[in-house]
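Trainee: Take a look at the letters that make up each chain.
There are 2 protein chains.
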Amino acid sequence: MKSSSKRSSAQKTDIHDVAAHAGVSIATVSRTLNHVPTVDAALAARVWKAVAELDYLPNTQARALVSGKSRLLGLIVSEITNPFFPELIQEFERIAVDQGYEILIGSTSHDPKKMDTCVRRMLERKVDGVAIMTFGFEEIVLDRLIADEIPLVFIDVASKHPRSGVLSVNYREGIQEGVQHLAALGHRKIGFISGPLHLRSAQARKSAFLESMQSAAVPINPKWIVEGDHTLEGGRDAMQTILSQKALPTAVMCSNDMTAIGVQHAVFEARLRIPEDLSLIGFDNIHMAEYTIPPLTTVQMSCKDLAQKAVRILLSHLSPEGGKGEIEITIGTRLIVRQTTGQPRN
Amino acid sequence: MKSSSKRSSAQKTDIHDVAAHAGVSIATVSRTLNHVPTVDAALAARVWKAVAELDYLPNTQARALVSGKSRLLGLIVSEITNPFFPELIQEFERIAVDQGYEILIGSTSHDPKKMDTCVRRMLERKVDGVAIMTFGFEEIVLDRLIADEIPLVFIDVASKHPRSGVLSVNYREGIQEGVQHLAALGHRKIGFISGPLHLRSAQARKSAFLESMQSAAVPINPKWIVEGDHTLEGGRDAMQTILSQKALPTAVMCSNDMTAIGVQHAVFEARLRIPEDLSLIGFDNIHMAEYTIPPLTTVQMSCKDLAQKAVRILLSHLSPEGGKGEIEITIGTRLIVRQTTGQPRN
DNA sequence: CTGAAAGCGCTAACAA
DNA sequence: TTGTTAGCGCTTTCAG
Numbered sequence: 495m496k497s498s499s500k501r502s503s504a505q506k507t508d509i510h511d512v513a514a515h516a517g518v519s520i521a522t523v524s525r526t527l528n529h530v531p532t533v534d535a536a537l538a539a540r541v542w543k544a545v546a547e548l549d550y551l552p553n554t555q556a557r558a559l560v561s562g563k564s565r566l567l568g569l570i571v572s573e574i575t576n577p578f579f580p581e582l583i584q585e586f587e588r589i590a591v592d593q594g595y596e597i598l599i600g601s602t603s604h605d606p607k608k609m610d611t612c613v614r615r616m617l618e619r620k621v622d623g624v625a626i627m628t629f630g631f632e633e634i635v636l637d638r639l640i641a642d643e644i645p646l647v648f649i650d651v652a653s654k655h656p657r658s659g660v661l662s663v664n665y666r667e668g669i670q671e672g673v674q675h676l677a678a679l680g681h682r683k684i685g686f687i688s689g690p691l692h693l694r695s696a697q698a699r700k701s702a703f704l705e706s707m708q709s710a711a712v713p714i715n716p717k718w719i720v721e722g723d724h725t726l727e728g729g730r731d732a733m734q735t736i737l738s739q740k741a742l743p744t745a746v747m748c749s750n751d752m753t754a755i756g757v758q759h760a761v762f763e764a765r766l767r768i769p770e771d772l773s774l775i776g777f778d779n780i781h782m783a784e785y786t787i788p789p790l791t792t793v794q795m796s797c798k799d800l801a802q803k804a805v806r807i808l809l810s811h812l813s814p815e816g817g818k819g820e821i822e823i824t825i826g827t828r829l830i831v832r833q834t835t836g837q838p839r840n
Numbered sequence: 495m496k497s498s499s500k501r502s503s504a505q506k507t508d509i510h511d512v513a514a515h516a517g518v519s520i521a522t523v524s525r526t527l528n529h530v531p532t533v534d535a536a537l538a539a540r541v542w543k544a545v546a547e548l549d550y551l552p553n554t555q556a557r558a559l560v561s562g563k564s565r566l567l568g569l570i571v572s573e574i575t576n577p578f579f580p581e582l583i584q585e586f587e588r589i590a591v592d593q594g595y596e597i598l599i600g601s602t603s604h605d606p607k608k609m610d611t612c613v614r615r616m617l618e619r620k621v622d623g624v625a626i627m628t629f630g631f632e633e634i635v636l637d638r639l640i641a642d643e644i645p646l647v648f649i650d651v652a653s654k655h656p657r658s659g660v661l662s663v664n665y666r667e668g669i670q671e672g673v674q675h676l677a678a679l680g681h682r683k684i685g686f687i688s689g690p691l692h693l694r695s696a697q698a699r700k701s702a703f704l705e706s707m708q709s710a711a712v713p714i715n716p717k718w719i720v721e722g723d724h725t726l727e728g729g730r731d732a733m734q735t736i737l738s739q740k741a742l743p744t745a746v747m748c749s750n751d752m753t754a755i756g757v758q759h760a761v762f763e764a765r766l767r768i769p770e771d772l773s774l775i776g777f778d779n780i781h782m783a784e785y786t787i788p789p790l791t792t793v794q795m796s797c798k799d800l801a802q803k804a805v806r807i808l809l810s811h812l813s814p815e816g817g818k819g820e821i822e823i824t825i826g827t828r829l830i831v832r833q834t835t836g837q838p839r840n
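The listed protein sequences derive, respectively, from chains B and S.
Under this note's numbering, think of the first position of the first sequence as 495, with each following residue one higher.
Under this note's numbering, think of the first position of the second sequence as 495, with each following residue one higher.
The reader is advised that the hints may include incorrect statements.
Heads up, the list lumps identical chains together, so a pair's fine if it works in one copy or across two of them.
[To be verified] Once the Cα atoms are required to be at most 30 Å apart in a straight line, the calculated DSS-like pairs of lysine-lysine come out as: (1) K607 to K543; (2) K543 to K683; (3) K607 to K740; (4) K798 to K740; (5) K608 to K543; (6) K506 to K717; (7) K506 to K563; (8) K683 to K607.
Keep in mind the hints are simulated off the structure, nothing from the lab.
Here the structure is a predicted model, which means the values were calculated and not measured.
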């Protein structure tokens, strides 16, 4: 063997090796790999054979450098440990990988500084697009992403951001169904534990609840409207606040499932029972909701749907004549009735 | 302005722009950015100023191409929707990002084909190292990773893989504590719901249980040793199998928390109570375990610890004189007593 | 201590 | 249709 270069086992088969092995030029190898139609079938066959024999894998870095496309998609979520997100991520990843994209995940923990870092990371790695699935933040430092004309997808954010897609969640639908379901069961005393109100999404859910209550002509008792923080602990604390009052509601809706699970906890500690003493409705329909005790009635917002549409929008911006301009897609919500809702006592 | 090139807003400030702006050569910019100590302080200052003024971000692709280091770490998990993993991922990501690495996540869903895809993705992106946190698989197609001499970290796998780190989990510790805790409470009828036994980790946990039972001189009833699959559903089904028998155990240990939560579900459906009718111990101490109703007594295996040590091993292989050779680190486990364990009836 | 120049592996003109 | 060649943005010898 006269191979001058590599002797260590760390093999670095590159396009030249393939070209040599197939007896063609590197350009032909490149064309073949990229499925350029003008390559002669016989040569292409030789190339593929060489590729297989040498276990050749194109170097993505080099490809990215020359093409300007990294085939990397950013996905920014608020809390990867919030069960809603892994499901979203899984679906997002599935589709992205399927399309030959890789994903870069960043979680902000609701911390502006971390959001900063995330954006920076995305920029450095030259992602081709970013999906920002943080459910609310206000006017953050995405300026740079926008300046660089990187396709962006948000959930439900009042835009003002040109050339970005937005996934607009119709919270109203499902929440209204929830309130109606409760009202139909005979509930007139319905409480609500919101998410942190500085989040647009939490605001939106709360508004949807309030409006739905009005439509259903159920009186609203402000004492039963408590702010939580979308965590288990927050839900438990909020419910304890409600339970410490003289007048108790017969049902409670929550801004998300984790909050509802926190409520179950508080109710259990108070030695009350669900749904006998209190009906409960969550929001998100995370996988876990199906298995709480008892299984949680909740409003579903399909995270698969969300993920799919997010990737689709991003990809559409990346394709040749990719749809520029404001794309807005609506994500529906609907009630999933399980076992935490029942008729109120007496 | 005589800037010939870019007019579109998609700014692509590169190293030449910075060099020009600072009045130095690109080599000096590069050195400054890489903190090469021999750069004159005055020049360095000019460079940093230019970097700041131009909002310059080095192109990672180019860096990777020339340096051969992608600063990308692969992280392969089995199921991102299993709550154990997000916590692991979060910690892994935190440390990696902190060290200037980005992570590529792949989930196998216990599917060999997906594992294949994952490995391929890692290879294509030229990751600098891979952590395989799948809790068991047998002799998979990592050959390529090994051939390419990519640093690998496994959890608890009998190696034969040269130059790989292995995180060896000491299941025994915590499980023994669990059995002893139960025995001390007066339990003599203890069941066990294992994970899928084709997984080494599930095997190991089961063995640890069996051995601990022997050490504690508690008789083992094979009818109460059931195989689950580490899911909620699996746990519920397994518990239903146990509940359908004539003789019932007074306590059950599970191979993971999701299984235990499934057990809670089955017990609830059977209108029995925990811990009054059945004591229950899980494994993993996922975040959720603290908030099940009642809170789950479980064996903790610190996923933070796992993540930290995994990244550390990987990085140590990457540093200049990086510790080659077999690194083996032990991860401890211990019992966290909460409220699903109590004395057996009568 | 600094700059010029040679690539890293690949794609995309441009020629042949 | 195929090959030659010029970079993509950066790091890194090698002179100066």
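Trainee: If a hint holds in the structure, say so; if it does not, say that too.
Mentor: For each hint, the structure was consulted:
1. For the homomeric pair K607 and K543, the shortest alpha-carbon distance between copies (22 Å) is at most 30 Å, but the shortest distance inside one copy (50 Å) is not.
2. Neither within a single protomer nor between protomers do K543 and K683 lie at most 30 Å apart by alpha-carbon distance, with minima of 72 Å and 62 Å respectively.
3. Taking CA atoms no more than 30 Å apart as the test, K607 paired with K740 passes in neither setting, with 42 Å inside one copy and 59 Å between copies.
4. Taking the shortest alpha-carbon separations for K798 and K740, neither the intra-copy value of 42 Å nor the inter-copy value of 43 Å comes in at or below 30 Å.
5. Proximity of K608 to K543 under the C-alpha cut-off of 30 Å is restricted to the inter-copy arrangement: shortest distance 24 Å between copies versus 47 Å within a copy.
6. Taking the shortest Cα distances, K506 and K717 never come within 30 Å of each other, neither inside one copy (68 Å) nor across copies (54 Å).
7. With identical chains, the CA atoms of K506 and K563 are at most 30 Å apart both within one copy (23 Å) and between copies (13 Å).
8. Proximity of K683 to K607 under the C-alpha cut-off of 30 Å is found in neither arrangement, the shortest distances being 41 Å within a copy and 53 Å between copies.
The structure is inconsistent with the numbered hints 2, 3, 4, 6, 8, although it conforms to all the rest.
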